[in-house]
Amino acid sequence: MNGEDVTFLQSLILALVQGGTEFLPISSSAHLILVSEVMGWADQGLVFDVAVHLGTLFAVLVYFRDDLVQLLKDWFKSLAGQGLTESGKLAWLLLYASLPAAIGGFLAEGLIAGTLRSSAVIATATLVFAGVLWFADKMGECKLSLKELGHRRALWIGFAQCLALIPGTSRSGITISMALFCGLTRQAASKFSFLLSIPIIAGSGLLQGIALFGDSALREFDLVMLFMAFSVALLTALLCIHAFLTLIDRIGFLPFIIYRLILGVCLYLWVI
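Per this note's numbering, the very first residue in the sequence shown carries number 1; after that it's consecutive.
Simulated from the structure, these hints should not be mistaken for lab results. Errors might be hidden in some of the hints.
Simulated pairs of lysine-lysine, DSSO-like, Cα-Cα distance not exceeding 27 angstroms [said to hold, decoys possible]:
1. 147 / 89
2. 77 / 89
3. 138 / 77
4. 143 / 89
5. 73 / 147
6. 73 / 89
Estimated spans, in silico, between C-beta atoms of each pair [to be verified]:
7. 135 / 270: 23 to 29 angstroms
8. 69 / 206: 27 to 33 angstroms
9. 268 / 84: 47 to 53 angstroms
10. 159 / 258: 26 to 32 angstroms
11. 40 / 83: 54 to 60 angstroms
12. 69 / 135: 33 to 39 angstroms
13. 69 / 159: 27 to 33 angstroms
14. 66 / 159: 28 to 34 angstroms
The beta-carbon is built from N, C-alpha and C at its ideal position, and this holds for glycine as well.
All chains should be modelled from the sequences, with the hints used to inform the complete structure.
Dropping the structure here:
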């Protein structure tokens with residue numbers, strides 16, 4: 001789809017959906033597919049995808065700005081041999097945990113873009129990983145803080161993130177699930193998942209941006225509309241991150257699990 005085919009209303013709705021679901025354990029890809037199916041919309045195109053993903057990236061950067069500054073400072077100090085602080089250790093753990101999905105995404109790019117992007121796969125993943133999240137929330141010890149997270153557990157979370165390459169899995173859902181299995185508290189699991197999203201979203205956006213370099217599709221898009229979509233995705237994602245971290249200890253994951261089950265059934269009905 002080129003820029004002329006995307007209406008203001010379509011851009012607004014898709015940006016709201018992307019920003020509102022990117023960091024919740026409910027699968028943004030499942031929602032985007034469902035909205036497109038219901039509305040009868042064609043794919044909105046790579047330019048639009050880059051804009052809304054940049055919006056969600058900026059949201060997590062803004063929300064965790066103080067943490068990120070400390071992480072980077074202490075990581076560089078560790079490189080300079082000035083000792084390893086808790087923040088420096090967490091920075092290394094995030095780097096280690098990012099490697100499996102980065103490698104997996106590069107190797108499986110063709111499979112993800114083709115065979116796995118079907119409504120049936122998305123519906124199945126939405127349902128299956130709702131069960132995984134429920135089991136992790138029930139069985140996880142939920143007592144470790146981020147300070148107690150070790151290299152082995154961080155790598156397990158990183159390997160779990162590879163499953164998010166399957167559309168409908170939910171990147172935040174599967175990483176939070178594995179973090180809970182590894183014994184982290186809900187708050188710690190969620191924060192690690194959100195911080196872990198930064199390298200993945202940034203890397204994906206960079207590759208998409210490179211693919212767009214010199215593409216005429218960029219010139220066909222209304223720049224005001226793209227900025228609107230970017231801003232809406234940013235603000236919506238920012239609100240969702242704050243609400244999620246504020247409420248998760250009180251409400252738990254059950255509301256998200258039930259919602260995923262309903263969403264998966266709805267997707268199957270559309271497939272049928």
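Inset, instruction - Would you check the hint for residue 73 and residue 147, treating anything up to 27 angstroms between C-alpha atoms as holding? - result: Cα-Cα ~17 angstroms, so holds.
Legend entry - Satisfaction of the hinted span 54 to 60 angstroms by the C-beta atoms belonging to residue 40 and residue 83: Once the Cβ atoms are compared, 58 angstroms apart, the range 54 to 60 angstroms for residue 83 and residue 40 holds.
Legend entry - Pair hint residue 143 and residue 89, alpha-carbon separation not exceeding 27 angstroms: Measuring from Cα to Cα gives roughly 19 angstroms; hence the hint holds.
Legend entry - Outcome for the supplied range 27 to 33 angstroms, where the beta carbon pair is residue 69 and residue 206: Violated, since residue 69 and residue 206 (Cβ atoms, about 21 angstroms apart) do not stay within the stated range.
Legend entry - Pair hint outcome, residue 138 versus residue 77 [Cα-Cα no greater than 27 angstroms]: violated, 39 angstroms
Legend entry - Supplied distance hint 27 to 33 angstroms, evaluated on CB atoms of residue 69 and residue 159: holds, 28 angstroms
Legend entry - residue 268 versus residue 84 beta-carbon gap, inside 47 to 53 angstroms or not: holds, 49 angstroms
Legend entry - Holds or violated: residue 147 to residue 89, with C-alpha atoms at most 27 angstroms apart: holds, 9 angstroms
Inset, instruction - Indicate whether the distance between the beta carbons of residue 135 and residue 270 respects the range 23 to 29 angstroms. - result: holds, 27 angstroms
Inset, instruction - Take a quick look at whether residue 77 and residue 89 sit within 27 angstroms of each other, Cα to Cα. - result: holds, 11 angstroms
Inset, instruction - Would you check the hint for residue 73 and residue 89, treating anything up to 27 angstroms between C-alpha atoms as holding? - result: holds, 12 angstroms
Inset, instruction - Starting from the hint 33 to 39 angstroms, judge whether the C-beta atoms of residue 69 and residue 135 obey it. - result: At roughly 36 angstroms between Cβ atoms, residue 135 and residue 69 fall inside 33 to 39 angstroms, so the hint holds.
The structure is inconsistent with the numbered hints 3, 8, although it conforms to all the rest.
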